[in-house]
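J.: The sequence shown stops at residue 450 when you use my numbering, and every number in between is there.
Hints in this document: simulated from the structure, not taken from any laboratory.
Built from N, CA and C at the ideal position, the CB exists for glycine as well.
Incorrect hints may appear among the rest.
[What the hints assert, rightly or not] The list that follows gives simulated cross-link-like pairs (lysine-lysine, BS3-like), each with its CA atoms no further than 27 Å apart:
{"#": "1", "residue 1": "Lys260", "residue 2": "Lys50"}
{"#": "2", "residue 1": "Lys50", "residue 2": "Lys379"}
{"#": "3", "residue 1": "Lys443", "residue 2": "Lys379"}
[What the hints assert, rightly or not] Listed next, with one range per pair, are the computed distances between beta-carbon atoms:
{"#": "4", "residue 1": "Ser445", "residue 2": "Leu91", "range": "49 to 59 Å"}
{"#": "5", "residue 1": "Gln176", "residue 2": "Asn77", "range": "26 to 36 Å"}
{"#": "6", "residue 1": "Gly90", "residue 2": "Gly354", "range": "42 to 52 Å"}
{"#": "7", "residue 1": "Phe440", "residue 2": "Asp294", "range": "39 to 49 Å"}
{"#": "8", "residue 1": "Ile230", "residue 2": "Val310", "range": "23 to 33 Å"}
{"#": "9", "residue 1": "Arg47", "residue 2": "Asn414", "range": "53 to 63 Å"}
{"#": "10", "residue 1": "Asp255", "residue 2": "Phe440", "range": "17 to 27 Å"}
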Amino acid sequence: MSHSLASSTETTKTHHLNKSNKIQHASIVINQEDKKSDHFSLSSGDNNNTNSDGKDLHYSRYYKCSIIIISFLSTVASGGLGVFQDYFDQNVFGEKGRQIPNAGLQLSFVGTLCVCLEHSMAPLSETVRSTRGAKTVLFVGGLLIFSGLTAASFATEIWHLYLSHSILCGTGMAFIYSTIQTVVPHYFPQNRGLAVGGITSGACFGSLVIPLVVTMLNNRLGIQWSYRALGCANFIIAILGCIIIQDHPLNTNIRLEKKSSKSTLVRFDVFINKSYCIWCLSAFTQIAAFYVPLFIIPSNATYIGLSDSKGASLVSIISAAAFVGRISAGFIADRIGPVNISIIFTFISGLSCLVIWPFSFTYSTLTGFAIVFGLTSGTYYPLGSPITASILKTEQYSSGVTTTLLLVGIAVFGPSLASAMDSAGASNEPFFTFKMFTGTITFISAVIMIWLKFSMKRSISAKV
């Protein structure tokens, strides 16, 4: 009897010991998997289907489509605002108006400052979103755009446009655009490139449609009511965005953790990541060159004897090609990797500036350059979020996107740098400096992207 009891006790101890070892082994495996998924939680599709509580997060196609549509409309409504600048230059402050000296130059900074603030105010937007949520940021952004465009309708001096069109409207656009870039990609873990490419193509579509609509409104109602109508349209779309777009649970959980721990809302530890620093350098150089043809090609067209309308049409051709190019870049990026397609497109863009543009002396050749450049340039916009997601951890993603936007906001002054080099007499041939500046800087950006690829994965054929 005692021998049987001892044997039973020994068996029980062995069973508990084996069970304890299994539990300990399972916990080690789980911890290892957690460490692995900590970095790849945003770049892998499966991990985005659960939140921190382990609950499934499946969203209907209708909801995802509604997010894409409202985000697309937000970028459309904010595009093509340069038509107001042209109107003021020709009819209010220029030759047909008050004939203010250098009115065109002063008005050019209205649009440039607006684009700069649209990017550089992103960290402020992220700070508000981190504490108040995406809906608050979208509402404030829509209100700022509405206030800015409405105030611009009463402008009687150029500096009035700086305050209204540039500062108020530009800040509002930053609130909406950066929120879309940081929130929406979470809903598309498998097709993030196509989703962001489709959304950012809205700015290209707006550059085609908004000038036509505004011109029609100017002829019928006047520029004042054109400003007000566009401001109302932006505010209505922002309200719809507040209703439809909400913080993804990944963003919400991180936001609550930040709020409870009182940590910094914009994380600067992203710069510890070498690959992220390389990506920022590539994005900066790419955008420094991207805006040069958009500003210069109309003047280049009139220099070779083309009409103003044909010069303006070349910008429209670039926008139309970019509409297709951004969607295509996002679609291909989901299959071969955003870094890989960015390298290919950026190289082709730089090659077009160095090989096609310098030898374009007719409308047909300039059109060919506009198509190639539009299709392949500015891959930062459709691929910036997917690339950032592949580099940073989930909790760093929003800060990474907004910090990159801040740096890109400084880079939009690239045309001013190119103009300064041209004025310094870098070349005797007109516009040659702009062509070489754009092509060379774009090539440098492509080379930096190759550096980024090998810093992430050593294999040439790797999907990055």
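J.: Each hint needs a verdict: does it hold in this structure or not?
T.: Right, here's what the structure says about each hint:
Restraint check for Lys260 and Lys50: the C-alpha separation of about 33 Å exceeds 27 Å, so the hint is violated. For a cut-off of 27 Å, the pair hint linking Lys50 to Lys379 stands: about 23 Å separates their Cα positions. As the CA atoms of Lys443 and Lys379 are separated by approximately 17 Å, the hinted pair is consistent with the 27 Å bound. At roughly 50 Å, the beta-carbon separation of Ser445 and Leu91 lies within the given 49 to 59 Å, and the hint holds.
Our hint of 26 to 36 Å for Gln176 and Asn77 is violated, since their Cβ atoms are close to 50 Å apart. The beta-carbon spacing between Gly90 and Gly354, approximately 28 Å, falls outside the hinted interval of 42 to 52 Å. In this structure, Phe440 and Asp294 meet the distance hint of 39 to 49 Å, their C-beta atoms being roughly 47 Å apart. Ile230 and Val310 have their C-beta atoms about 26 Å apart, which keeps the hinted 23 to 33 Å range intact.
Between Arg47 and Asn414 the beta carbons are some 59 Å apart, a value that agrees with the proposed interval 53 to 63 Å. Against the hinted window of 17 to 27 Å, the Cβ-Cβ separation of Asp255 and Phe440 comes to about 23 Å, which satisfies the hint.
In terms of the numbered hints stated before, the structure departs from hints 1, 5, 6, listed from lowest to highest.
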